[in-house]
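Enquirer: In the numbering used here, the protein residues as written are 327 to 582.
What the hints contain is simulated information worked out from the structure, not anything from laboratory work. Computed from a predicted model, the values in this text were never measured in an experiment. Be a bit skeptical, because a hint or two may be false.
List of simulated lysine-lysine pairs, DSS-like, C-alpha gap at most 27 Å [unchecked claim]:
no. : residue 1 : residue 2
1   : K337      : K374
2   : K524      : K481
3   : K497      : K372
4   : K481      : K410
5   : K374      : K386
6   : K358      : K335
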Amino acid sequence: MALEEFSLKDKVILFTGGAGHIVSALVEDFAKQGAVCISADIRPEKLKSQEDQLIALGCKIETAKLNVSDEHEWQELLTQLVSKHGRIDGLINGAGINAPSTFFDIDVSTFKNIFDVNVVGTLIGCMVIGRHMVESGSGSIINISSTSSDPPLSKAFAYSASKASVTNLTKNVAREFGLTGVRVNALRPGFFPTDWNKKNFLSPERTESILNHTPMQRFGEPHELTGAVQWLLSDASRFVTGTEVIVDGGFSCQTI
């Protein structure tokens with residue numbers, strides 16, 4: 327296999343949740359490699375900060391405000407990107423929200439909102455961008471799952487259930503797209519905590535429990551996901567679809 331098959335240079339890649347903790351690292355790494363990166367997020371202030379940072383590093387970056395649960399906004403963004411670039415080669419469905427609640431404390435509206443962003447947003451992305459890719463005969467979609475999808479993580483009932491749905495949805499769409507030239511896979515990160523996670527989820531006791539269950543005995547850094555995502559986006563994985571790639575420091579392989 328030639329190293330050129332791993333290259334993302336000049337590939338047009340759309341990222342949702344693009345200004346977030348994990349996905350922003352992917353945007354930065356692929357922009358540095360010469361990919362055409364479009365970072366979409368619902369938070370314009372985060373996008374502006376990201377844009378300024380990457381421009382300062384000498385990277386080209388495009389940003390777009392996007393509510394992933396709004397199909398009309400997806401359609402508008404698709405029209406703009408195809409008009410400008412002619413195609414979309416890759417889609418990272420990375421937008422997601424969470425809520426720290428015990429089972430009886432989480433309200434139904436919050437549960438629905440988490441599913442609306444995490445699952446419905448992913449579904450619409452696969453439908454809108456996926457249709458364009460199918461019509462073009464090529465493309466790679468990566469949906470962001472979570473180590474909490476199975477088995478579920480305590481204090482994250484809605485999030486865990488939504489990410490299990492993302493994994494199932496990924497396999498369903500991969501099957502539907504099997505003969506089209508469009509591949510659909512999931513990335514399953516382990517623990518890559520944000521400041522919000524540390525404040526709302528990671529008590530000292532909980533942190534100790536997680537690290538004791540992780541053979542590498544540490545949390546992940548967002549840039550450590552780049553290699554797996556690059557492989558899934560590139561031609562090097564052209565026979566890979568419907569799978570879930572786990573990057574978790576061994577968390578999922580440890581029992582006692």
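Enquirer: All the hints need checking, so say for each whether the structure fits it.
Expert: Hints versus structure:
About 23 Å separates the Cα atoms of K337 and K374, which keeps this hinted pair within 27 Å; it holds. At roughly 13 Å between alpha-carbon atoms, K524 and K481 fall within 27 Å of each other, so this suggested pair holds. The suggested pairing of K497 with K372 is violated, with an alpha-carbon distance near 31 Å, which exceeds 27 Å. For the hint linking K481 to K410, the alpha-carbon distance of about 43 Å lies beyond 27 Å, and the restraint is violated.
With a CA separation close to 13 Å, the supplied pair K374 and K386 stays within the 27 Å bound. Between K358 and K335 the alpha-carbon distance is near 9 Å, which keeps this suggested pair within the 27 Å criterion.
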